[in-house]
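> As a plain string of letters, each chain reads:
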Amino acid sequence: MNKAAELLQEKFPEEVVEVAEFRGETTITVKPGRIVDICKALRDANETSFRYLSMIAGMDYLPQSPRFGVVYSLYSHRNHNRVTLKTLLPDEGGPVIDSVVPVWATANWHEREAYDLLGIRFRGHPDLRRILMPEDWVGHPLRKDYPLRGK
Amino acid sequence: MNGAETMKRTETMLLNLGPSHPSTHGVLRVLLELDGELILRADPDIGYLHRGIEKMCENRTYHKCMPLMNRLDYLAGEVNNFGFCLAVEKLLDVEVPKRAQYIRVMLVELTRIASHLFWLGTHGHDLGAMTPLFYAFREREKIMDLCEMVSGARMFPLYCRIGGLAGDLPEGFIPAAWDFVKTFPEKHQDYHNLLTKNRIWIERTKGVGVMTPDEVLDWGWSGPMARGSGVNWDLRRDNPYSSYEDFDFVVPLGRNGDTYDRYLVRMEEMLQANRIVRQVLERLPDLPGDVKVQDPRVSLPPKDAVYNDIAGLINHFKLIQEGITPPKGEVYQCIEAPKGEMGFYVVSDGSPQPFRLKIRGPSFINLSAMDKLSRGRLLADAIALIGTMDIVLADVDR
Chain A
1 MNKAAELLQE KFPEEVVEVA EFRGETTITV KPGRIVDICK ALRDANETSF
51 RYLSMIAGMD YLPQSPRFGV VYSLYSHRNH NRVTLKTLLP DEGGPVIDSV
101 VPVWATANWH EREAYDLLGI RFRGHPDLRR ILMPEDWVGH PLRKDYPLRG
151 K
Chain B
1001 MNGAETMKRT ETMLLNLGPS HPSTHGVLRV LLELDGELIL RADPDIGYLH
1051 RGIEKMCENR TYHKCMPLMN RLDYLAGEVN NFGFCLAVEK LLDVEVPKRA
1101 QYIRVMLVEL TRIASHLFWL GTHGHDLGAM TPLFYAFRER EKIMDLCEMV
1151 SGARMFPLYC RIGGLAGDLP EGFIPAAWDF VKTFPEKHQD YHNLLTKNRI
1201 WIERTKGVGV MTPDEVLDWG WSGPMARGSG VNWDLRRDNP YSSYEDFDFV
1251 VPLGRNGDTY DRYLVRMEEM LQANRIVRQV LERLPDLPGD VKVQDPRVSL
1301 PPKDAVYNDI AGLINHFKLI QEGITPPKGE VYQCIEAPKG EMGFYVVSDG
1351 SPQPFRLKIR GPSFINLSAM DKLSRGRLLA DAIALIGTMD IVLADVDR
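First to last, the protein sequences are chains A and B. The opening position of the first sequence corresponds to residue 1 in the numbering used here, with each subsequent residue numbered one higher. The opening position of the second sequence corresponds to residue 1001 in the numbering used here, with each subsequent residue numbered one higher.
Please keep in mind that the hints were generated in silico from the structure rather than gathered at the bench. Take the hints with a grain of salt, since some may be wrong.
As the list claims (entries may be wrong) - The following label-pair restraints were derived from C-beta to C-beta distances:
(1) B/K1098 to A/D145: 41 to 47 Å
(2) A/E10 to B/E1186: 54 to 60 Å
(3) B/T1183 to A/R130: 45 to 51 Å
(4) B/W1178 to A/D136: 54 to 60 Å
(5) A/A20 to B/A1311: 35 to 41 Å
(6) A/R130 to B/A1176: 46 to 52 Å
(7) A/E18 to B/K1098: 32 to 38 Å
(8) B/K1187 to A/G124: 47 to 53 Å
(9) B/I1200 to A/K40: 41 to 47 Å
(10) A/L62 to B/R1060: 15 to 21 Å
Each residue gets a CB set at the ideal place from its N, CA and C atoms; glycine is no exception.
The whole structure should be built from the sequences, with the hints applied where relevant.
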């Protein structure tokens, strides 16, 4: 089994929901509550050493519930492998998750983009502003219920 | 200011660099907080070129996404297409024929040279060296001509298709490509002569925008930006795709992580790309055969079958009207684009449109470190920094 999945199942058995393999890629679905601890563990453990965050993708799974999710793609320069972390955010109280900026500085703009385009809030983000859309824009264009053109 | 006695630090000034400024390489606005000439804070304001490509792709078939991919990093249009094709092919679990893989590699490496040449010309121009621009564009023009030969378009060839290529190489391409490959190293020396030992160039770039390897990983830098700091990482070598493992090339590394080292890395990368193109050209004659995967789910049938065979006609109709339908699943495919890691996260729900397409543009990530790089530097260094990041705003904003 994948090293990252092993590590998480050992350290955070409560948090891991599912480990999936597809086309040679490992996707680990975790609960959103301890995402920062999970990312720190994956970054710092010797056998995983995911010190590089490739991207964060905000997801809108409408009409599924829970509706929103966040996907992290991590890369290890030591092992030259990759793992995808996936987490689904509970519907109550709007989509919100802890920011991983303390883990990887590069998360800053990725999270701003997910906030801007999908309205996912990142708790503890140092500068959560819109990034691509104008400051006074209403709505989040990448949401599935946002119209393609017009109002 | 009304005299030397009031010249002590009083208040800072906000300066708008851009959105329409010759050195910002597109419509980028950087809000600079200055203390005299010293930069205290830099806040890039992006989004002027946001076209919502990710949203548009969710509403069109995979084939119809392709022209949009060209327009991400428009200086290396074919590279984006190539990456997107690889991602969808991974989703479909098809492997394109070896000949198509080689031709793709050749085109991508030529595009890499073209992109680096553009960077060299504009970066030099920003810092006051006018001549490299003309020299670089001389060779870039030849690559544009090669692109035009394969497809009729210069900037956006759209030659890669899901499942292979639009067609085999046209007559006359191989000699023209050989001509470029043979003459390029000599021309490349011209750029070195102009800049590498140029006193002004060294003064403007040495020690400017230093990143340590640890910072590079933390800030998610990739490609030449990471290698300039000595991070020994190249996706072509470390996670090979499209037969890159067949080719012999060196991954150049910098030592100091400054603008000058990144300049040297990119310069050497052009020669290495040229080497790869040469290897492809040497091996192509031994690789006859198709340039498209023979799979009715993915590739259009030959025209002969469409006109004379009902099954072929149905196949053609279904692919055009419906598009390809990958199975349910999600993949992340990244490639070594000229500017760094270009990634495509494609989620399919089994329908002919991608459920979600997230594009990881290297320019977006590289630019995010602008504030970190420019703090404490002079205003003039900000111009050098924008140049060294080699950003394309269409790739930043998507």
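> Of the hints stated earlier, which fail here?
none
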